[in-house]
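> Residues per chain, in single letters:
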Amino acid sequence: MNWTPLWITLKLATISSIVLLLIGTPLAWWLARTRVRFKAAIEAVVALPLVLPPTVLGFYLLIGLAPDGVIGGPWRALTGHGLAFTFAGLVLGSVLYSLPFVVQPLQNTFETVGDRWIEAAATLGAGTLDRFVSVVLPMARSGFITAVTLGFAHTVGEFGVVLMIGGNIPDKTQVVSIAIYDHVEALEYSQAHLLSAGLLLFSFAALFLVYRLNRRWRTVVGR
Amino acid sequence: MRHSLSNFVALLATACLASTAVSAQTVTVAVAANFLATSKILAHQFEQESHDKVLLSAGSTGKLYAQIRHGAPYDVFLAADKRRPKLLESEGVALKGSRFTYAIGRLALWSPKSGLVDTAGAVLRGSSIQKLAIANPKTAPYGAAAQQVLQKMYVWQQYSGRIVRGEDVGQTWQFVSTGNADAGFIALAQITLANGNRRSGSLWLVPQQMYTPIEQQAVTLKRAQGNAAAHAFTAFLRSKQARAEISRQGYALP
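Note that the protein sequences, when read in sequence, are chains A and B. So the number in this note's numbering is just where the residue sits in the first sequence, counting from 1, plus 346. So the number in this note's numbering is just where the residue sits in the second sequence, counting from 1, plus 62.
Among the hints, a few may not be true.
[Claimed, not checked] Distance windows between CB atoms, simulated:
| id | chain 1 | residue 1 | chain 2 | residue 2 | range |
| --- | --- | --- | --- | --- | --- |
| 1 | B | G188 | A | D414 | 17 to 25 Å |
| 2 | A | L533 | B | P275 | 17 to 25 Å |
| 3 | A | L368 | B | T163 | 55 to 63 Å |
| 4 | A | S549 | B | Q219 | 30 to 38 Å |
[To be verified] List time: in silico DSSO-like cross-link candidates among lysine-lysine, alpha-carbon distance up to 27 Å:
| id | chain 1 | residue 1 | chain 2 | residue 2 |
| --- | --- | --- | --- | --- |
| 5 | B | K200 | A | K518 |
| 6 | B | K148 | B | K158 |
| 7 | B | K214 | A | K518 |
| 8 | B | K214 | B | K144 |
To be clear, the hints were calculated from the coordinates, so they are not data collected in a lab. Remember, it's a predicted structure, so these values are computed and weren't measured experimentally. Built from N, CA and C at the ideal position, the CB exists for glycine as well.
Construct all of the structure, not just a fragment, from the sequences and the given hints.
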């Protein structure tokens, strides 16, 4: 039994979640605080992957990631090859596809943190970064847990986009959802069963742990 | 108000009756991806002659086979090999004696870039193809043929990290035509335009002795036993007119 697809999926979900946090946190923070007129437009763009079928994103990515595409072109100038059918290309696709699942919960918690605590910290002499790290982050912890869980889980469950831009390359872009699809199509049901059950157990265990931790932290913090 | 409602119900009932009358003359066809474009042309011709309706669903031969085995509602299966139709026959899913070869597939290595692929396929031994697209050999006969060619040339290992696999030969073509793969093994029919001309780019028409002949077989499924349109359609596929069209679209004939 080849478990590499499962490993690739976990790697993809982990890296995508980290990238999503790095991009999503400032974006959500900005969205929670800004009053600019085009805020609604940005929010709509972030939410688009919720509405659009993965084929739309996959189609645009396939064209955009091509060696002469808008993203693939500059990437090729840097690295010498196109971005489609590479692990990096999958990370890019996953980040776009899971963006709303990270940004929206974060934005919600940031909005509930409110100005009072931040202003109080400012009066006590805390700098911008200090205020964010020692006031906002602890208060937004459950928002972060939700965001990371959803971002990670959504990437694990990804199929359509990867099917269109992954190229089904074993050991590189063949994630577990694609491998299962492959096995089912080839009528290799025993392998499909094993991988499916493995994914099911893993997903349940991960979600269960997160919800448990989240609950414990909430009782500790008293929220 | 009541009057218009009863009118509406009557209309609905008529519509339902009419649609059952039509569905008796509808033939649903599962078609291997390589034959989709050709089957569209053929279906159009058939529809004009017979006034029956043809519904086409494309996919890899392996996928369609798996779906049919699990009760997918198709009347006719146009596969890209003879293995799956044979299996369906022996499994009792297809009508005995309905199996026949409707086309012989021709494998081609194609790139949209002119001058990349030479007419002897020597490009495969060099390093100018960084990404080579083939259909999934497990489910797509054209993919299996491509694998045979690469193995015969002793370059299969060499390409192990450079091969991208399309779900079927349709997706393989899409990978190549968007420029994401430099070249790909596809069906000659896919780069044949409706008028019989070839698309621009560069092409190696792989000699047929380099791979097991792609005998594309059709089979009528059991559920279509009483469906006259299904039988008429498979009869049409064997007609002189259809055979001429199939040959024009880049296939050899049995």
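> For each hint, tell me whether it holds in the structure or not.
Verification of the hints:
About 21 Å separates the C-beta atoms of G188 of chain B and D414 of chain A, a value consistent with the hinted range of 17 to 25 Å. The given range of 17 to 25 Å is respected by L533 of chain A and P275 of chain B, whose C-beta atoms sit roughly 24 Å from each other. Checked against the hint of 55 to 63 Å, the C-beta distance between L368 of chain A and T163 of chain B comes to roughly 57 Å, which is consistent with it. As the Cβ distance of S549 of chain A to Q219 of chain B is approximately 36 Å, the hint placing it in 30 to 38 Å holds.
Taking the CA atoms of K200 of chain B and K518 of chain A, the gap is near 18 Å; set against the 27 Å cutoff, the hint holds. For the suggested pair K148 of chain B and K158 of chain B, the alpha carbons sit about 10 Å apart, so the restraint of at most 27 Å is met. A threshold of 27 Å between alpha carbons decides the hint, and for K214 of chain B with K518 of chain A the separation of about 25 Å falls inside it, so the pair holds. Simply put, K214 of chain B and K144 of chain B have alpha-carbon atoms about 22 Å apart, close enough for the 27 Å limit, and the pair holds.
Checked against the numbered hints above, the structure violates none of them.
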